[in-house]
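Visitor: Sequence:
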Amino acid sequence: MVIYIYDGSFEGLLTAIYEAYYRREQPEHLLARREFMPDLFSQPVYIDTDHIKSEKVFLSIENKISSAALRHVFYAFLSETEAVGTMIYNYLQLGWQVGSEVDRHLADDRVSKIHQLSQKVSRERHRMLGLIRFRQLAGGIYYAPIEPDYNVTALVAPHFVRRLADQNWIIHDLKRGLAALYNQREWIMTEMDFTRSLVYEQKEHDYQQLWRQYFDSAAVPGRINPKLQRKYMPVRYWRHLIEK
1 MVIYIYDGSF
11 EGLLTAIYEA
21 YYRREQPEHL
31 LARREFMPDL
41 FSQPVYIDTD
51 HIKSEKVFLS
61 IENKISSAAL
71 RHVFYAFLSE
81 TEAVGTMIYN
91 YLQLGWQVGS
101 EVDRHLADDR
111 VSKIHQLSQK
121 VSRERHRMLG
131 LIRFRQLAGG
141 IYYAPIEPDY
151 NVTALVAPHF
161 VRRLADQNWI
171 IHDLKRGLAA
181 LYNQREWIMT
191 EMDFTRSLVY
201 EQKEHDYQQL
211 WRQYFDSAAV
221 PGRINPKLQR
231 KYMPVRYWRH
241 LIEK
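The opening position of the sequence shown corresponds to residue 1 in my numbering, with each subsequent residue numbered one higher.
Among the hints, a few may not be true.
Said to hold, decoys possible - Result set (DSSO-like, lysine-lysine): computed pairs, CA atoms no more than 27 Å apart in a straight line:
# : residue 1 : residue 2
1 : Lys120    : Lys175
2 : Lys113    : Lys53
3 : Lys64     : Lys113
4 : Lys53     : Lys64
5 : Lys113    : Lys175
6 : Lys56     : Lys113
7 : Lys120    : Lys64
No lab work stands behind these hints, which were simulated from the structure alone.
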């Protein structure tokens, strides 16, 4: 039983899907490394993330299936559901067969599973938009801690870019150690792995240091969040992925 193993990122998953197509293989599962449990019957194939290959799959989904299908698979991915990579792969295989009609096949298990996950993540995004509250810290930085059920921080950030365009802010997912940071010009996703107690007891000048740490490096071309580039698609694609 062939199992493709990717690094757990969305780009990693798209790379695995690319490799399955061009190797003319039909892997039984596409699993993140954290999900894979070796056994005597599995034949793991480890896939290295390739940004060029993942971009080709990204554009193929949008152009050969639909932008709605692209958003569905991304939202489903952010649900962090076990074996979601396999579900997305199965959905896309059908999508490349029937094109933009794929989302009309609601009786097909491959479609209904993705739709259910996508809807859950979309609802969580809307719930967070109503719950997020900022408090002002030293230096004029606004900070909002959240603990969403799903990985929606990057989905809510653009709303606050529009709403709080003239402020510096941080939306911090305490559960996942991720944060969206905005500096009145651009927003980025980065890792911010503090314990819950540290977050609430941190002195305000430490937040200023934190801010400089992330945005000073982000201002240098080629140094924008190398770790998070493995988890999120390039910024130029976000307009294709996020609900208005």
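Visitor: Check each numbered hint against the structure and report the violated ones by number, ascending.
Guide: none
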